[in-house]
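Protein chains: 2
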Amino acid sequence: MKKVIYLDNASTTPVRKEVLSAMKPFWSENFGNPSSITKMGVLARKAVEQARMTIAECLLRRPNEVTFTGGGTESNNLAILGAVGYLEKRGSKISDLHFITTKIEHSSVLECFKELERRGAQVDYLGVQENGLIDLKELRKAIKSNTVLVSIAYANNEIGTVQPIRDIAKEVRHARKEKELPYFHTDASQAGLYLDLNVNQLGVDLMTLDGQKIYGPKDVGALFVKAGVNISPITFGGGQEKGLRSGTENVPLIVGLAKAFELARKDFEKTAKKVKNVRDYFWQKLQRQIPSAVLNGDGENRLPNNLNFSIPGIDPEFTVLCLDEAGIVCSTKSACDHDADESFVVRALGKSDEIVKSALRFSLDSKVTRRDIDFAVKKLYNIIYGHGKTH
Amino acid sequence: MKKVIYLDNASTTPVRKEVLSAMKPFWSENFGNPSSITKMGVLARKAVEQARMTIAECLLRRPNEVTFTGGGTESNNLAILGAVGYLEKRGSKISDLHFITTKIEHSSVLECFKELERRGAQVDYLGVQENGLIDLKELRKAIKSNTVLVSIAYANNEIGTVQPIRDIAKEVRHARKEKELPYFHTDASQAGLYLDLNVNQLGVDLMTLDGQKIYGPKDVGALFVKAGVNISPITFGGGQEKGLRSGTENVPLIVGLAKAFELARKDFEKTAKKVKNVRDYFWQKLQRQIPSAVLNGDGENRLPNNLNFSIPGIDPEFTVLCLDEAGIVCSTKSACDHDADESFVVRALGKSDEIVKSALRFSLDSKVTRRDIDFAVKKLYNIIYGHGKTH
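These protein sequence lines are chains A and B, in that order. To get the working numbering, take the position in the first sequence, counting from 1, and add 944. To get the working numbering, take the position in the second sequence, counting from 1, and add 944.
Calculated directly from the structure, the hints in this document are not laboratory data. C-beta: ideal position from N, C-alpha, C; glycine also. Don't take each hint at face value.
[Stated by the list, open to error] Derived pair list, reagent style SDA-like, types lysine to any residue, alpha-carbon separation capped at 25 angstroms:
1. B:K983 / A:A1284
2. A:K1123 / A:L1188
3. A:K1047 / A:E1244
4. A:K1058 / B:Y1030
5. B:K990 / A:A1284
6. A:K983 / B:K968
7. B:K983 / A:E1185
8. A:K1311 / B:E1286
9. A:K1033 / B:I1327
10. B:K983 / A:K1058
11. A:K1058 / B:L1031
12. A:K983 / B:E1286
13. B:K961 / A:E1244
14. A:K968 / B:S1310
15. A:K1323 / A:N1245
16. A:K983 / B:V986
17. B:K1058 / A:E1059
18. B:K983 / A:L1188
19. B:K1058 / A:E1185
20. A:K1186 / B:E1286
21. B:K968 / A:D1309
22. A:K1037 / B:K1058
23. B:K1033 / A:E1059
24. A:K1210 / B:R1120
25. A:K1301 / B:V986
[Unchecked claim] Covered by chain B, according to a simulated footprint, are these stretches of chain A (three or more residues, beta-carbon under 8 angstroms):
26. 962-975
27. 1224-1230
28. 1261-1271
29. 1292-1300
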């Protein structure tokens, strides 16, 4: 089989061997229902609670602040719609509630807010600067007395821009004063492998984690809900997960998520540095070979594994398909916006049409070598300029 | 290791070997995001659509009528809250909408309706007869001109009673006349292994399927949505599953669900007959040994693997724990009602307190032998009467 150089880790990652091993006993042997009072049930319950402990430890928080969900999309929905549900239950009218998010959030955040707008809520979508960072002053101005939730992703899934979460949290806390609200939610789906997740220092109230971005399984994730933060469930049933997420706990996937998270957090700074070196090499090499390439997103405040650039004049989808033929997997934008013909994230950077219409996203992992990058850049050059010799 | 006789299949089932094998390539090899345009993405997409086809074929329906979900609880939520969401979007006021369900539904159905009541809807909870069956005349009387949804489970998860789904569907269709509503939803989570799932003959509009009850994985299921039936999503994001269920498709679990379903449907009548024989043997033997045992639910219209009975005077939880010590796994009631101290389903049968407070649920599978049953009955006898000799 031809070697595949997988540079689409922002889309989804393979499941780690250790994660598969951790899940294995829970499919057909210790397969009990965690709500059963029998030994099999207790064993399953123990596995779920051990997984919760593992994730809590990585966040330096308590287990009862970790709710397991069906992945990043569900975590984002639970955080946003769940916060609204609680306020409505407490008597708030949705048309009185104000929300702040950004124009470059993942679709699972943006579409929640569009739904809230349909229901009558007021939502401010903050623009971003040309580097993809939000303007803190703009955020400060946007917060009103009836702002109940601010949701800003830790790291963007397309251009990798890392937002100043601590500063955002400070602004939110400042606006809050003695009040309980607004809450601050961050989608940290893309942050799991490379960024600091010390919740205490980040200062967030709600944080989304996703299995499939950290070499864990798809369709399992978690929502950090700080003690004292009130959200309501968005689906209903057996009342598992302290009532926040009904349905039999997905024991194997939860165990897998915890193992993936534990491994991801181990030496993440070292891994981040290693990946960043190769990514920087990629960008330097690319600039030499294809000088018309333009970086999308910030040079510094960026996921170490992300490289998003435009090459004016190219057809990005065709380029992705040609690279795919050559064994290099990348993408043009988020897989969750498959119907759109351009990246709304790159569009939000205020760049020209030819930049917006020619963006490519590469997302590396720690196994990618400089040799892989040499090969990828060569292929990219050949696709764009024909089979001439690269410099 | 001591042999375990697992008689709690209504709670959850182990994953079949063939299902594990089917899922295997999709964890770490063909792990692509089905929304990616690359070969890996196409491969993943193909696997998801093949799985959809498999399930559709088993239902004798079309693939576009099958929506993958995160399990039975989510399917039930999507059917009920999704139908409401669509009507609200079309301008209906929730307080004008009327719903019909029964008092013995699974918590994931009941709690949806309780939530709808909190939001102002009118819900009729039909009682059941002493055998657990609903009264069709009562249903007919309950349907009003503003009834928009009837939700009645195919087979009860505690007492195994199989409702006359075709007749219920006829009543609903009759009430509908030329109108589009009411829809008829059935939770078929417990039906997957043993009952007819020919949707055309059943006449349902929406049907819930669950992986973990048919030797498939937990946290994956499907909702059959008949063409022309309108429901709205209840979570928001990338718009996967024709907009009904956002989030990256859980490729391995979806493939596993389809394999489990395919195997479950193969010769299900033969399997049902085999299991029923052992179950009937169980009940006969039990009646001889413990004459005070009283059957809960109907003798005939019953899941072939379900035996639910009360033995007045026993402490059912203690009995379950003693049986568990002896290697026999069963339960007192639904694991999803872990906080309740009695079965609301057996309570709904209108029986005396001592029957309600002494119910045990056994749910067999096709591997259980008469010898296993002999052992189980003997142990049960010993637990109740002390270590005397059984007859």
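Do the hints match the structure? See the list:
| no. | hint | in the structure |
| --- | --- | --- |
| 1 | B:K983 / A:A1284 | holds (19 angstroms) |
| 2 | A:K1123 / A:L1188 | holds (24 angstroms) |
| 3 | A:K1047 / A:E1244 | holds (21 angstroms) |
| 4 | A:K1058 / B:Y1030 | holds (16 angstroms) |
| 5 | B:K990 / A:A1284 | holds (21 angstroms) |
| 6 | A:K983 / B:K968 | violated (28 angstroms) |
| 7 | B:K983 / A:E1185 | violated (38 angstroms) |
| 8 | A:K1311 / B:E1286 | violated (55 angstroms) |
| 9 | A:K1033 / B:I1327 | violated (48 angstroms) |
| 10 | B:K983 / A:K1058 | violated (33 angstroms) |
| 11 | A:K1058 / B:L1031 | holds (18 angstroms) |
| 12 | A:K983 / B:E1286 | holds (20 angstroms) |
| 13 | B:K961 / A:E1244 | violated (49 angstroms) |
| 14 | A:K968 / B:S1310 | holds (24 angstroms) |
| 15 | A:K1323 / A:N1245 | violated (28 angstroms) |
| 16 | A:K983 / B:V986 | violated (43 angstroms) |
| 17 | B:K1058 / A:E1059 | holds (23 angstroms) |
| 18 | B:K983 / A:L1188 | violated (38 angstroms) |
| 19 | B:K1058 / A:E1185 | holds (19 angstroms) |
| 20 | A:K1186 / B:E1286 | holds (20 angstroms) |
| 21 | B:K968 / A:D1309 | holds (22 angstroms) |
| 22 | A:K1037 / B:K1058 | holds (20 angstroms) |
| 23 | B:K1033 / A:E1059 | holds (11 angstroms) |
| 24 | A:K1210 / B:R1120 | violated (60 angstroms) |
| 25 | A:K1301 / B:V986 | holds (23 angstroms) |
| 26 | 962-975 | holds (count 5) |
| 27 | 1224-1230 | violated (count 0) |
| 28 | 1261-1271 | holds (count 4) |
| 29 | 1292-1300 | violated (count 0) |
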